[in-house]
Structures are given as C-alpha cells and as structure tokens.
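S.K.: Single-letter residue listing:
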Amino acid sequence: MGKITGFLEYPREVETYKPVEKRVKNYKEFTIPMEENALKNQGARCMDCGIPFCHSGCPLGNLIPDFNDMVFKGKWKEAAHILHSTNNFPEFTGRLCPAPCEEACVLGINEDPVSIENIEKNIVEVAFKEGWITAQIPQQRTDKTVAVIGSGPAGLAAAQQLNRAGHLVTVFERDSKVGGLLRYGIPDFKLEKQIIDRRIKVLEEEGITFKTNAHVGENVSVETLKSDFDAIVLCGGATVRRSIPIKGAHLKGVHQAMDFLKQNNERVDGQTKFDKVLTAKDKNVIVIGGGDTGSDCIGTSNRHGAKSVTNFEILSKPTTGRPANQPWPYWPMRLRTSSSHKEGVERFFSISTKEFLGDKNGNLKGLITVEVEWVFKEGERPQLKELPNTEKQWDCDLVLLALGFIGPESTLAEQLGLETDFRTNIKATTNSYMTNVPGIFTAGDMRRGQSLIVWAISEGRQAAHYVDEYLMGRSNLPLKDDNDLPRV
Amino acid sequence: MIMMKKQGMYLPEFEHENCGAGFICSLKGTKSNNIIHKALEILEKLDHRGAVSSDGKTGDGAGILIDIPHDFFVKNCSFKLPKAGDYAVSNVFLPKKENQRNYCIDIFEKFIQEMGLNVLGWRDVPVDVSVLGEIAAVTEPHIKQIFIGKSNTKQDNFQFNLKLYVARKKAEHNIYSSKLSESSFFYLPSLSPKTIIYKGLLIPEDIKLYYKDLKDPTLVTRLALVHQRFSTNTFPTWDLAQPFRYMCHNGEINTLRGNISRMYSREELMESDWFGPHIKEILPIVLPKKSDSASMDMAVELLLMTGRSLPEVMMMLIPEAWEKNDDMPDTKKAFYEYNSCLMEPWDGPASIPFTDGNYIGAVLDRNGLRPSRYSVTKDDYVIMSSETGVIDINPNNIEYHGRLEPGKMFLVDMNQGRIVNDEEIKEHIASQHPYRKWLNKNLVPLKSIPYNDCPVFFNQETLQKRLTIFGYTQEDINTIILPMAQNSKEPIGSMGSDTPIAVLSERPQLLYNYFKQLFAQVTNPPLDGIREELITDISLTLGSDFNIFDINEKHCKKLKINNPVISKQDLDKIKSYKNPDFKVTSLPITYKIEKGHNGLVNALEHLIHEASVAIDQETNIIILSDRDVDKDNAPIPALLACSYINNGLQKSGKRSKISVIIESAEPREVHHFALLFGYGASAINPYMVNEIIEDRINDLNTSSVSTEEAIQNYNKAVGKGILKVMNKIGISTLNSYRGSQLFECIGINTKTVNKYFPNTVTRIQGVGLLEIEQEINKRYSKAYQEQNIAAELELEVGGQYRWRRNGEYHLFNPLTIAKLQESVRSNKPKTYKEYSELVNDQTKKLMTIRGLFEFTNYDPISIDEVEPWTEIVKRFKTGAMSYGSISKEAHENLAIAMNRIGGKSNSGEGGEDQERFYKDVNGDWKNSAIKQVASGRFGVTSNYLTNASEIQIKMAQGAKPGEGGQLPGPKVNPSIAKTRNSTPYVGLISPPPHHDIYSIEDLSQLIYDLKSANREARINVKLVSEVGVGTVAAGVAKAKADVILISGHDGGTGASPLTSLKHAGLPWELGLAEAQQTLVMNNLRNRVVLECDGQMKTGRDVAIACLLGAEEFGFATAPLVASGCIMMRVCHLNTCPVGIATQNPELRKKFEGKPEHVVNFMYFIAQELREIMAQLGFRTVNEMVGQVHKLDRNNTIEHYKALGIDLSPILHQVIVPKDTKLYHTENQDHQLDQSLDFDIISKAHPALFRKEKTVLDFNITNRNRAFGAILSNEISKIYGAQGLPENTLKINFTGSAGQSFGAFATYGLTLVVSGNTNDYLGKGLSGAKLIVKVPDEATIIPEQNIIIGNVALYGATAGEVYINGMAGERFCVRNSGAKAVVEGIGDHGCEYMTGGIAVILGEVGRNFGAGMSGGIAFIYDKNNTFKKQCNTEGLNLDPVIEQDDVQNLKDLIENHYNATLSPLAQRILEKWEVELPKFIKVLPEEYKQALIRLEAENLITK
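Residue numbers (the numbering used here), protein chains in the order written: chain B, 1 to 488; chain Y, 1 to 1502.
Be careful, since some hints might not be right.
Capping the alpha-carbon separation at 30 angstroms, the derived lysine-lysine pairs in DSSO-like fashion look like this [unchecked claim]: (1) Y:K844 x B:K75; (2) B:K73 x Y:K465; (3) Y:K1150 x B:K480; (4) Y:K1150 x B:K317; (5) B:K480 x Y:K782; (6) Y:K290 x Y:K654.
No lab work stands behind these hints: they were computed from the structure.
All values reported here derive from a predicted model rather than from experimental measurement.
Construct the complete structure from the given sequences, taking the supplied hints into account.
M.R.: This is the structure:
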C-alpha cells in the first residue's frame, strides 16, 4: 500500500487560500483546489502504518490508510467508497473537522502529518463531481418508522443509517431549512450551503422525509410523535448558549455570536426580512471567546467591513507546538490560527471581561478587562486569579459572545420525562444510546454536550445501530469499536 | 517395560534419538574375535557424541550385530545344530516372570511350527547383571536364544527367512495383543540364519561384560555393525537399542508419520503367493509407538520379503536427489522415478549402516546431513563410522580414506569380498527392469493432457457472496493474493504477532488457523530449499497404488503433476481426461446449512460413503469440490473433508486406491495449502483465488501480466511457500510431506481431533465440530443477510497484519502503545498501570492463553519483604536484535539501559563493534552481555565470544522457526559490514540451519566449542515452543547448555514470510510448561536456567512465566516500543520513521529513545511482579519458579469457543521425589578441564606472554575436540582481536583430530595436523593458520583421499588453511575472510560465502557457490567439468588473467606446497604456464559490484 518512501520524498502540502483582500469581499469558499498529481503525492506520504493511529484518532474510525492508498493510486471511486463506509458526510468533516486524525498521524511524531483532511475533502468532491454519489435506496423496507429530531450532523447521520436499514425515517427540524448548526452556525465562507443541499437531496431521494419548521414540543406534540413512530432519536444539539453575567451585559451592542452568525447566514441565503440587522460594518468589534465560533465571528465581521476586530480568550496563550503533557498521539491544546484569524484580528489571551460600558442610551461604548493567571495544583481544578493593576478599558461598538454552549434545551427532556445529567445533557450510554424511556434514543451534542461535527456523525451512526437493534432484534448496521484515543 | 507415561504437556512420542554408529568388516572374509573388540572400540571413541542421563550410569542403549558364530554355538549348545546357514538363531527378550515367559515361549513355538519350521532348542544366554544401571535393571528382560531349523534342507534361504518372518510377526501380534502384564518384554532383536544381534540398555563398554558370549575368544565374525543410542530423554527401552534387524541409523526420519500411515494404506493391497493367506496375519507391518529407526527397519524387512535385495530396498527408501539431476544416467533416474510412484522417500538426516550378512554397507540421505567416514586398509579391513580416527590404523596401512556422499551407497559384498561402488551397484539394480519404457508408456504428465474448453458453472452465487461465505477479507486479497499473483513470491512482514490464537478469537476463524506448523530444531535441521534447491521436489503422482509385492508397469499408471497447486484449466483437463487408467469422480463437500451441526456430521459420513462407492466403481481420482455452495448448501471446510477422507478411507482399507484433489474456494494462504497436502491431498485448485485474480487483474502494478500468468505466478508462489514449510521441518520432497500431518492442533478438542484428524497432537482441548459449524454459519448468515447496508464495504478489513478498528484485536494497539510510551517517558507509574491493565485484562477480549489464568492461593506478605527490583531486573533481558536489523542508536540504547540495571542485552546475529567492549568515560557500557551465535555466524570471532557473559545459540526464532534470514546488500553499509566481518554492500544470508547442527550431538559439540571459546560465559540455547520442545530441552540440558530459552511463536522479526509469522510455533505457555515438566521429570531442571520470551508485556506476564517454570525473562518488542517503536511493521523495508529498524541516516536521526525509557520499563515490570509476589507470598523469584498451584483458570471468562479449553495440562504438577529442584541450583560440568589446550598453554608461556616464537609437538585423537578455542580465548583476553604476531605459536600434531579443530583460532597460531581431521575444521577461524597434511609415511594419493570432514571454515573471518587432500560437504560455508587451499571438495562448496578466497585444486561436488555473495574461488578445472557442478546463479566464471588474481593464486598454491609438500601443488607450479589457463575464477556478481562501488567511494573520500 502507498508508496513506501513517499514520506521521504514529498513535503506536506494542503490547499492554499485566495488572498485575504479578495476573499473578504464575499462569502464564498476561498480554497484553491490542488492538482490531482499533488494530491496523489500527498496520498503517497501515508506510510501504511502497522498501527494507523489516525484511524484510532478519528472518532468515526475512518479507514484513512486505505483511502490514502487509493488516492495515491488514482482510484478515486474506490477511495470514495472506503471513505463513505465510515463517514456519511465527508464533505462536512473534510472542511470543518479540526482533524484529530492528523494529530495522531505517525508521521506527525517528527514530521508534518499527512494532509488527511484535505485528501478526504477532495475524495468526496471528486465523487460528487463524477456523479458517484447517488441515492442508494434500501432493497427492502421494514415496516418500522423512526422520527429523528434535529437535522444537524448527528440527526442526518442517524437518519441515513436508519434509512439504509430499511426503516422509514422522518426528520423534524424547527428551522426553515435542514442542517442545524451546519447551516446556521458555520459561515458560508467555510461551508457553502449548497454543499448541504446537494447531500440533503440525496437523502431525500433515498426516502428520508424532512419536516421543517417542525419544532417538536412546540408545534409538534411529543404525544403524536410517540404514537406515530416506533422509535425516536433526539439529536437536537446543545443549543443553550453561555452568557456572561457582568455589569452591562444588557447593553445594545452586546450579542450572542450565534445570533450574529445565524442572521448572517440567512442573509447570505437571500432572506431580507429581519427585525434588526446585526452588522459589524464600520464598528469596533470585540469577540469574546477564542474558539471556532469566535473565529467565525471574526471572519464574518471582517466581511461586514468592521473598523477593527479584537478577540479575547480567558485561557492563557497555548504554545504553537505540542505541550509536553499532551504527547503524541493525543489531541493537544495548542495555538491554532484559522484562516479567519489571518484575515485581520488582534488576539488577547489570559484576559477576562469585567464590565461593559454604555452611554446613556444604553448603547455599548466600551468594556473593561483584567489580566488573569491560571494556577495549577495537582489534583485540583485550575484556579483563575486576577492580576492586580491590570485593568484596562477598551472602546467598542459591538461585542460578540462566543462562549460556548451549556447544554441542550430542556423542553424535550421535560415533555418526554427523560433523565438528564448535571450539564442537562440527556442521559444515555454509548452501549445503547437509549434514554430511560424505551424507544427514545439520543445522540450527538444533545447526549454528549457541545462537541465536534465528527463526533456528531459518529454518534448518529452508532445510535442508529442500536435503534435498529431495538426495532429488529439485531442489526447489520456497522459499529465502530471502542478504540478511540482518549483525551488527556 | 516401563515407559514414561503421557502426562501434563509431555508426550512420549516426541522422544528423539541420535547416535553413534559404525561397522567394521574383513573384505577377505577373515573371521576374528578382534573385529568385535574393534567394533566396540569405535563406540567408545564416539562417546562424546552422546549425553549422560541424570544418574550418569544408564546408557540409552547399545548393541552389536555379528555373523552367526556357528562354531561357537555348536560348542555351547546342548543340542545338535545343522550346518551353518541351515538354521536361524536369535536372542529373545522374554518376560521376567516365569509363567508369562513360558506363555510367550509356547506361543512363539506354536507359530514356528505352524510355519513348518523346527525349534531346535533354547539356550540360556549368560549375562552379568551386575553391570546394569538402575533403570536398565528394572527393565531388563530375561534373555534366551532360540535356534530354529529349516523345514527341510532344500528350503532356500528366501523361503526360510520368509517363514521366520511370518512366525515372528504372528507371535508378536499375538503376544502384544494379549493382556499379559509383561507382554511388552517379548522382543526379538533379530531372527536370521546369517546374523545375530546382542543389544541392550547398556553403555558400549558394558556390552561385552553383560553378554558373556562376546568375551569368549572363540566367538568370531567377519563383520560387526555397532550402534550406540542417545535419546533426548532418559527413559529408553531395551528393544529400542540398535542395531535393528537389518540396519541402524544415525539421524532422524522427519517424514515418519506420513511414511507409517502410507505403509498402513499399502497393506490394503498386499498380496503375495509366497505368503498366501498369512499376509493378513503379519499386519500391521510397522508396529505402533516404535522409534523412527525401528519403524524403518520394519519397512525394510517387509520389502526384503518382496524379493528385492537389500541395496534395492535402500534405494527405494532413501533415494538420491534424482529429480533435478540432469547428469544422472537415465536408467537410474527411471528406476527412481518408477519407485517414486510406489514409495515416498523416508526423508531426513540419515546415515544408515545396513547388513543382511551378505552385504554390509551404508547409505546417506540425499542432502548428506550426517557425517560418515570410512577407511580401507591394506590388510583388507573396511571401517566406517561417524568420525575418522576411531580405530588406530598405522598410516602406512591405509589404502584410502573416503566419505559417504549425499544419496550415495557404500557397499561391501561379503561373498565377493570386494567393495562395490555406488554406480556399479545402482546401475545393476536399475537395469533389472525396463523402468523407462514402463514410465513412457504409463505415466501421464499433466502437461500432455489436451485442453479443450472450460466448462461454465451455472447457478453460481455472485463472487461477492461467495467471498463472504468463505470468509475472505480485504487483507486476504490485497496483502496475500494479489502480491503473490504479481511477484510470484510470498509476502513478507515484520514484528511479531499479537493477535489471539484462533480459539480465542471472537471472529469466525477458518479451520486452518487452529493448526500450527511443526518445525525442526536441534534434533534435525531445517533445509534451505532456495540455495539447495536441487535436493527438493514438489511434484506428485496421482492415481491408484498397487500391490507393493509386484514389480511391474502397473505402478506407474499415474498422473504426474509438477506443481500440484493447479489452475482451473488444469483441473478441467483432469476432469475431462479420457483414459481407461483414470476414472475421476467429483464429490461435493457441502452440507445443508439449515441442519447445522448435525447436517455437517451427516454430510461427512455421507461423503465417506460416496467415496467408498466411487472406489468400488473403479474411481482412482476423487475431486472434493465446494463449487456447489448456494443458499441452502454451506461448504464443509476443505481441510476437514480432506483429512476425514484420508483417514476414514484408511480405516476402511480403501485409501491407497485413490488420490484426492481439492477443488475449493477456501485455500488462499500457503499455510492452507500446506495443511491440505499434509492431510493427504494430492492436488489443489484454489478456484476462488483464480477468480479473484481474474477480477482484480487490473489492480496489479505490472500491466503486462495476463490473467493466466498471474494465476501461474500465484501457484508458483504457493509452490515455493510449501517448499519452505516442508523445509522448516527438514523435508525435501512433497511426496514425503503429503499425508505426514506435521502440525499441532491448538484449540480443538481431542474427540474431534481423534475422529477427523487422528494422530494429530492437541493438548489444551477447545472447540468441537459444533463450534466449527457455528463459525461457518456466522460467515454464511453474513453472506445471506436480508438487508445489505448501503455504503458498507463488501468485505471485512481483516486486520491480521495491520491493525484496524474493526479488524482482529491486537495487544499492541493505539491505546496500549500511547500509554506505554507516555509512562516510560514521564516515569509515571499510574500511566504504566493503565497500560498494564489494558494488556492484562482480557476478560472481555481474549488474546492469550495466559489471559485465561488467574492467580490463586494467596498468601500475602508485605511488599517490603520481597526482593528489591534491582535484584529482579538482573533476570531481565532484551531480545536478540542485530545491529543491521535495527539502527546503531537503537541497539546501543538497549545495551546501555540493560548494563545500567545489571540485566542483559543481546547482540543479535550481527557481531558487535569491538569499540563497544570498552566502557564509555561516563560509565555507560554499550557491550551486549549476550552475544548471539546464529546460523549466519556474522562477526563471531574469538574476541567477540571472549567479551560475552552469555553466548546464545539461536536454534529457532519465534517469528519464523525453521527459517533463515537475509540482509540485502544495500543495507550492509560499511559500519555494519565491519561488525559482521563482511564486505560492504554484499548481501548476507543466514541459512535456515546451523550447518554445524544437524542433530543433537552436533549441538552438544557447538556448546563445547563455545564454552571453550569463553569458559566464563553461560551457553544459552534458544528454542521455540512446539510440541516436543520438552524432550528437546531435556536433550539440550544433557548436551550441557547452561540456559535454555523457550520462545513463543509470536516474537518479533525484522522480516519473515507472513505464513511463518502467523502459523508456525506455539504460545510460550505451552512450550515453557512442557519444558519445565519434562526437565523436572528427568531431574535435569536444576542443571539449567530456564528462560522465556515472546510478547512479554507486563509484570503479570512475567509472573505467569515464572510460575510455569521460567527464571529469566526476555523482552524485545515492548522495550522497543518504550524506545519509540510504534509498530509500523516495515522493518523489512528500511523505512522505519522513528529511526529504529532502519539504516537510513536521515531516519536514524529521528530516534528519540533514551536508556532511561528502557530502564523505566524494566522497573515498572519488576514492580508489578513484586506486587504479585507479595500477594502470593514469594520473597524471591527462586521460590516462585514452577509453583503452578498458584495459578488457576479464570472462571469469569465465558467465551463460547474458549469454554472448552482445558488448562490442566499446563498446570500439571509433576510428581517427583521431594528434593527435586524446580529451578537452577547447580552448574553443568562441561569437562573442559581435560582439554588438550591446557597442556599446551602450560608449555607455551613464552609464546603467550612474551610473544616468543615457540614450536610444540603433540599427538591428537578424535576425542580432542575444539582444539584451539581455549587457547585463542586466552590470547583474545590479553591481546583483543589482533591476537599474536603471525606464527608465534606453532603446534605440530600427529593423529586424527577431533571435531572443530581450530575453532575460533586466532592470530598468531599455526596448527599443523599430520593425519586427518573431522568435521568443522576451522569453525569461526579468527586469524590462525591451519594445515592438515598426509603423514609422511602414508602412501595414499592426497587429492583422492578425504582428509578433513564436512562443514569446514564455517563462519571463518580470517586466517589461512592448507589442506592436503579432499574435504567433505559444504567446504567454506559462510566463509567471510579466510583463505583456503584444498585438493577437492564435496557438494555445496562455498555456500553462502561472503568473503575470503577458496582455492580448489581438484574435484568439486554439486551445487557449488549456492548463495555465494562474496569472496573469490579459484577452481582448478582440469577436466572441464566445473560449470556443470556450479550453481551459476549470480556468479561470474572467468579465466584467471588479471595480474592481481594470478599473483594471489600463485602465492596461495606456493604456500600450500610449502606447508604440505603437496605433490599436486608441485605439479601445478612446475607447469604454471600450462596449468594456469585451467583455473576458473568464481566471482559473485554482487561482490564485483560491491568492489566497484567501494573503489568509487574510496576515490571520492580521497
């Protein structure tokens, strides 16, 4: 498999981006596709390890060496086949996954890892382009019906798997379009929405019914659901956002990142009617929260034409390299610089916002921060310590709060009588994905709390197996094993 | 008689024996009493070839065969005897108890009379019981002599013999089947009108004391055949002492099981007018549970009764390697080919002296694996034995010295009083019948059958579905099948195997995976089918067998297939072949899936029935086919069907009438094919593989290969692979391998094995047919599952060779590796604990046999009372990994770490840079405490051995037991070449066997050699777990090893064929338990240290090994992982990305391992062990060794397959006297103090300490072995590798030097022998000069006489050798630096040579230069015959014209003349200009290229 000496011959190469000044003018994806030969060479870098740690590091268990080899050999169709055997939606993960596989790549011990994610994306794009991705309607239908609540990656994956097993699946989505955070959280410059549409089209052709504007617990009663379906899979995500309970949080100009991003995505999609347009144009923007959502806010603000964009992160600045206590092959916390960061932002770490300042009209005018330090003690949770005399005032017109999510909304749990944990996640183990109510399952962020797309797909697939088993007594739907690399 | 009973892991049938044998006879037919004394003297002089049992007294058996001493009997019998030749006599072993004895006598007499013979009388044999050892006395029979007269005086000898034979056989069968308590005492060593045998459980010098007859000076004979037996175990019996009735044997018949089973089948067809109805009463011909030699003797006896002569019988049973010999006269070749249709070779190392009183002679196996030297004297005596020098003969009385050559016969016709040469006797025998004509008329080569067209198979399921039914994985296709189709070679892998054995795997396993290949170690050698291809053959003939009594053309009405792995087309040819001699019947091997287990059982019964009916209807070829698989019919495992047909038909007496062809979708790996042949198949068409190749032809890298070619490639690869599997156990022809069942079953219960695989060893029980059917059913259900899931991969990934999440489980996986590396790098005990729990807890996923155990009988003490970890780690070792297989950095890292903690690292088989023998300034030491001596002998010099604290002889390696290795030229960089004493860029081959160990007495010799080379070092013998390893270990203990290492099958490797990685050898738990039990049983355990290794990963592993009997422990993969290895499994590709298994300088820079990582690992292991010790109540490891009662089965494990496993044999506690030690308490007595070297050291002080030139004169005998090794060790200690200045100490010897003369002899020594020497001259020569010359007073012509033995200069690295005569086989084998001149050599000359110069002034045997990659040979090719003898692959044969070469050659011949006064050298030098053109220079192409490259590099560096 692969080219034995490939890793000694070719350096790592990934897609490059269009220049910042061009890309920030629109919301299109801005990667520049690689030539086929260059991609094959990247495939050749894969060493066909006796133990492919990437394959363990990938929550889906993608058969990475196997598809790398096919790419190296130019067998794109076979590569797509292998890729789809473990991943329902590589076009999402290929664009958006932080690629724990690459952190676990053996070549990454002392070299740049194989560009697995980029290869993945290219495989699926070739497959769509060549028309290989078509509806595969199950040969037989069972007479079972399943309701999937939520059309994010977990819900979609569960739906497709269950449909493959022959069940009739209906997906309920409270928004007007399918996709969940993929559609409303991820900006178009990272994932153009036609990417979702083309996949949904295939799912519909395969026989999955999508009901949009169908908010279970609000305009769709859980009772109907329980009586109409043999099983229910809850994939509603962890949508309750974290806020910041400090003075001035109510001021006009302090917004949740998700409101900002969602509206923007809707505008890009062509919607025009909004109570109030949220824009960063000509504003001094401060994004609080240094994660992926924060990064998306930065990219979006720059596209709006913000006057300045500043980013705060309460944690200390991580090292660029792998920290010693998070050795290979584990997922390391290290400084990640996204394409949005490169589009213009000033980043501050170890900084905590103390107070928002407003004018008398209640408009945000600025904020006050303080520098912090983390104190680590063996066996204790790290302590946050404010450093004296480090208070600082910042001028700003727009603050976007990208502080993460607390957990799922409680509606469904309450109406269905489901047990939850202290984070309000709905309780279900990975041995069954079934809640305390027989026939009701849950997967994705709703079960595990906020996480990665790749985990959502993985949960959806795993849950589907157990749903199928619950319905039929046994299941042929695939399961990955429990060989996920742990987090340290 | 008292036999050791089957108990625990020990099985008595795995006893081995090795022997000293010889004969002496008077050509003139002069009878004398002296011959008896001389004959017994031969044995006494060979006593070092054997071992001493634990009591030091009881011999393993010895005996003598002589002419019937007619006059003596006339004088000593109370009754009248007819004239000589008209009566037969034999010693008869009888029960001790008189009543039983009388019963036996009555029975025997009854049968004698029934055959119309006359009992003339009985004579009590006078014996002296006082000489017997304890064990011998217990089993001593009552011995009487019986005298039997002919029916009438006109009865010819043949008829007389026949009647005697029938009478004896009938008596044996009758008495053995009686329920007499002492029935087994009844035994007749011989019963002949010509010869008589005196034998018993005696040591040689006691034979004549015990049998008082032999001391009588009036007892005279013309000939005497003697034999002394050494069994690997200490429970021999009187009847198994040799000689047997017609022969004795030094060696081992590897194919025995197949031979016996086929003899048994032949009995079905036996008919003879001579015997009439008696023929059925003598069956079985071969009595069960006898030794290989005894069994063969019984076959010889029968064949003699068919009217064949003794030499002819020997030719049938031990044919020469005729198959690939184009120079063999056609008459002889035809004889062999004809006989191959009715008898498979009895194959294995064998020197077999034989006699029927008319002829006395000997044959040697086809590969010449035992030494056999003879001398003919001017006063007309012939003396033959394993060594020369066993009888003192005045040099001027020697007519000539010779040696038995491979496959050749040495024969004395006593009646004609002359030696009949091999060619004459064989030509005579071969022309008795028109064999060639018969063959031409009847034998049908498959090639010659016309091919019409290929039938279409209708209603077949899709390929996809069938692939699933037969359990194909992507790995099967991509890793195994396609590479074979492309490269026509079996794929290679590396690292060990850490997947569960079949019975523990959760995945449905093919039946094949429950069987493990057996392999040769110690008692016989594996073969090298690549370099010694000419002795191998995989062709088979198909068709009915016929009555062995007939000699006619019917026997060759057979179908001959050159490679019995056949294509679909070939099978179609056979199916549609129209020839009245062949009737082919196809039988489906399927069963109704819905009927499950019962369906399978019934289908098998039905199959036997159908086969039986087909045979009754004249079918002679049966095809077992699983083509008919469909929705309702599942396949019977082909192996199950094949074995059941093979054994079932044998039971019903119909086996020999048919040959079996397998048409199956199942077989895909070499192992599968090997099993099918091993259980009786004669041809196999793997049609599914054919289809896969057809389907995937475009996936091959080479676009030009057609489907047919690709299938041929695959078939060829399997053929080669099978050859390798056969070679592993030392078998050279598939004809002998077929049906030999050389496998051990692991994980199938006895009931199932007895029924379907009778005579296969299975020791821990396991699944039955029920579970086997469940596994088929699982695959089946998957193929026919109702809903196929979109996007699913069609086939499972596999994951046997490369880890995959949904593949087979591996103990080393991302989690365990991550945890282990984290723990040793950050020295975190907590993380180590997580790691060890992941490995140890197998309650959910069974991986290993040890995983099934739990500790029990707790007796907790405080951990502070347990010996400290610093003591424990002294018992730890790292595995043998050569510098070359791993990088310098990784190699030194392990050495430094182990030296820091007082453990031992192992050099591996690659020598070691002598700079590492000295400590670094910071106190670190890179010296490997253990120096390995493997078959390649790379870098094994006196100095290397001197710097060891332990020397390990690698008999086998877990990952590839029975196989050699190869370091390709490009990997041999100058630094590696330096440590290996070889030439840079010249590829290095490690042969499968040690060419100085073909037998246990050879191992004992090597131990002696190495112990001599370093008396302080322990000698460690590394064995691999397999059935019988216990008896081998007992033998090795008796051969005086200090340490015995039992390796598991799963250990790592730098490169090995995948078949070997997975399917050869057993888990160490079995081997270790067997070794411990057998050693304890024999009271040998205390003499040796027992060590264990093989995928040891945790302290728990160590604890279990210790409780099972180990006291030292080896780790290899785990410390590598600790040093950064991430199990890439690309060691064989030189691309290791972490700088461990690579020589690429860029990659080596990436090595990040530190000694402290390894130290931390060892510390963690020791701590974990200490915790367990504290829990169990052991303060020291010694207390813990062998305490199996602290282990029990973990009953919480419930796994449908593992439930049937019975661990009690492993946990068996041998019942022994109370003071028997379970661990090492006393050291071996190597008896080095008698060495001649000490005499010389005491006289050579000026030379040794002041470098003064000294000359000494000494006598030498064959008992003075390994001369020079001790002396050189002393020199190396003082002067290191450079030794002394040239010629500092010269010693002139007179006599016959023992084996290994000049072993490891170093610079400054000049050793001269006037006389001759035995095998292994100049083994590991390290700089000395050796001269062997014909004594001045001798009249023999040197170049026509054998003067040294086999395997000279094995692994020599430097020095000069001048030999004034001919050498035996394998001259200069693996020489890498010595310069040698010799006047003629045997077969396989300069094999694997990598450097040095060999000048051969005379005849050259076959297969010269096989595997020769370096050095130069100059051949004096007077008769222009050399090219034919040369294995020209990769060799340049040029005239000697370059000035350097001419000068070199001339210098060496001049040296030779000056050293030996060789007349031949003189003649050549006198006519130098005329003779020079007759020389051929043999230059390996690889060497030539290397020299060019080196020159270029030198130019650059200048």
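S.K.: Of all the hints numbered above, which does this structure not satisfy? Sort the numbers upward.
M.R.: 1 and 3
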